[in-house]
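Protein sequences appear in the order of chains B and G.
Residues in the first sequence are numbered consecutively from 264, following the numbering used here.
Residues in the second sequence are numbered consecutively from 264, following the numbering used here.
The hints are simulated quantities; they were obtained by calculation from the structure and are not laboratory data.
Nothing here was measured: the structure is a model prediction, and the numbers come from that model.
Hints are supplied without guarantee of correctness; some may be wrong.
Stated by the list, open to error - Using 25 angstroms as the maximum straight-line C-alpha spacing, the simulated DSS-like pairs for lysine-lysine come out as follows: (1) B:K314 / G:K314; (2) B:K537 / B:K471; (3) B:K312 / B:K348; (4) G:K282 / G:K312; (5) B:K348 / B:K314; (6) B:K314 / B:K282; (7) G:K282 / B:K282; (8) G:K348 / G:K312; (9) G:K348 / B:K282.
Number of protein chains: 2
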Amino acid sequence: MTGSVPVVRTVSGLRAAVKAWRAAGESVALVPTMGALHEGHLTLVRLAKEKCARVVVSIFVNPAQFAPHEDFDRYPRDEAGDLAKLADIGCDLVWGPDRGEMYPEGFATRIVPGGAAEGLESDFRPHFFGGVATVCCKLFTQVLPDIAVFGEKDYQQLCVVRRLVRDLDLPLEIVGAPTVREADGLAMSSRNAYLTPEQRRIAPTLHKAIANAAAAVSSGAAPEAAAMEARGQILAAGFDKVDYVEVRDAGTLAPATTGTGRPLRVLAAACLGKTRLIDNIAA
Amino acid sequence: MTGSVPVVRTVSGLRAAVKAWRAAGESVALVPTMGALHEGHLTLVRLAKEKCARVVVSIFVNPAQFAPHEDFDRYPRDEAGDLAKLADIGCDLVWGPDRGEMYPEGFATRIVPGGAAEGLESDFRPHFFGGVATVCCKLFTQVLPDIAVFGEKDYQQLCVVRRLVRDLDLPLEIVGAPTVREADGLAMSSRNAYLTPEQRRIAPTLHKAIANAAAAVSSGAAPEAAAMEARGQILAAGFDKVDYVEVRDAGTLAPATTGTGRPLRVLAAACLGKTRLIDNIAA
């Protein structure tokens with residue numbers, strides 16, 4: 264049994280709380296989420312707690328990173344459940360602004376990330392990383408944390424956010440945390456809640472296929488051949504569509520060139536019905 | 264006779280200096296400039312010194328806000344002269360990064376301001392406010408000042424920067440300072456150095472024409488009629504081209520609607536040969 268966790272709804276309330284911690288000399292971590300928290304998120308919070316005295320978790324579902332046809336309206340929301348989980352693991356503060364506090368009337372600024380933001384997810388969700396970069400920049404300047412923790416599950420997002428922080432000289436460090444998986448290998452994701460039992464049975468193939476591709480590339484297979492093999496495995500298992508399987512430079516996300524000794528990453532996105540899953544793994 | 268002013272060339276050096284001031288409880292002001300300092304800039308620095316214990320002046324000539332055909336290469340530069348002036352008026356630190364420190368290899372992030380950034384200057388310099396917003400965001404996160412002081416001479420820029428700071432929750436206040444003018448009314452500008460003696464004689468008409476328009480609008484004239492009259496006066500005086508004379512809402516820069524009681528602003532841009540001058544005034 265633990266108590267409750269305080270929730271702030273305004274930037275001024277947030278800053279007052281952080282200011283009090285700073286006055287006491289305490290370090291501050293931010294874990295940006297869109298709520299609907301699962302064990303993957305809680306792992307990020309635990310990592311944040313190891314690194315800083317205070318942990319803020321944001322649970323804002325950011326409309327700017329959804330296209331009109333995407334699942335903003337049906338995206339899972341369970342604030343009461345989220346708050347109970349966060350209280351249990353000792354989160355210090357929940358940042359839960361409404362849409363008007365985050366994007367007030369007259370809001371007119373977009374951040375357009377290039378580099379690692381190009382291709383992969385952007386080929387299928389062209390609006391996505393602009394929305395992510397804009398809200399992350401805002402979250403960082405609202406909280407001004409020492410670190411922010413992001414999951415490697417959204418690996419391209421992690422690369423984009425690292426670039427954003429470097430390019431805009433935002434005064435924090437980005438910490439990436441390994442993907443948390445179900446026992447059968449499926450990466451934890453709020454969107455897994457959309458899966459039917461039959462789709463849930465098929466879903467772990469995404470992980471298996473990219474793990475096979477990573478092993479093949481590590482053993483000297485050509486990246487494109489390994490990626491094509493993985494695409495076939497994913498479709499054969501019953502996925503309805505493969506958006507991409509790609510082997511990329513793990514830092515810049517540029518197309519992989521073998522023999523350079525630079526770390527590589529296999530990234531994939533595929534659909535089961537209307538549910539789109541992504542995953543990635545080191546090669 | 265005064266001593267010299269310290270110049271820092273790296274973000275880490277800048278942050279170390281600011282951190283020492285913060286540890287001593289001192290407030291910090293930033294005055295962003297592109298060097299080539301004249302009395303207008305020095306007025307901004309004096310205002311900054313009245314408001315904060317410490318003043319940083321940046322003198323980075325930002326390539327991102329010049330188009331390829333514009334005057335980046337011939338933009339006036341006189342760092343030794345700038346440093347002497349800044350030492351004389353008690354500037355605490357000059358922030359003078361080189362291009363590689365400001366835009367390191369792989370730089371891939373653009374800020375796209377909307378709202379007040381639309382129209383006026385953007386119709387003639389479409390790249391301009393994106394470059395301004397990106398570098399200002401960087402300057403603000405590099406220095407993290409309490410305030411930043413901008414001249415009203417670049418009035419649309421002032422509106423864009425205010426919106427940028429609000430939209431991205433940048434933790435500082437923007438202070439606008441009145442335009443400093445020569446005895447004949449010409450707004451001080453680094454680009455006045457380009458004018459021939461004959462052009463310099465004609466130049467003050469820009470101010471006179473918009474002052475006439477502002478007086479007419481204040482007396483009940485229709486904004487569009489007053490603006491058209493001003494365009495005629497500017498051309499009649501010998502300007503080669505009028506880019507615009509517009510009466511706008513002083514806060515949002517939306518087209519003026521009379522009878523609302525909201526403050527208005529007359530803004531203009533016009534060319535003498537290759538030299539483009541801008542000016543504005545409250546109506």
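Evaluated hints:
A distance of roughly 37 angstroms separates the Cα atoms of B:K314 and G:K314; the hinted pair therefore is violated under the 25 angstroms criterion. With a CA separation close to 21 angstroms, the supplied pair B:K537 and B:K471 stays within the 25 angstroms bound. Distance check on the hinted pair: B:K312 and B:K348 sit about 15 angstroms apart at the alpha-carbon level, within 25 angstroms; holds. Our distance criterion of 25 angstroms between C-alpha atoms is met by G:K282 and G:K312, whose separation comes to about 18 angstroms.
A C-alpha spacing of about 20 angstroms is found between B:K348 and B:K314, which places the hinted pair at or below 25 angstroms, so the restraint holds. For the given pair, B:K314 sits about 19 angstroms from B:K282 by alpha-carbon distance, which is consistent with the 25 angstroms threshold. With a CA separation close to 16 angstroms, the supplied pair G:K282 and B:K282 stays within the 25 angstroms bound. Distance restraint check for G:K348 and G:K312: the Cα-Cα separation of roughly 15 angstroms lies within the 25 angstroms cut-off, and the hinted pair is therefore satisfied.
Pair hint G:K348 plus B:K282 does not hold up; C-alpha atoms about 37 angstroms apart against a cutoff of 25 angstroms.
In this structure, the hints that do not hold are numbers 1, 9, in rising order.
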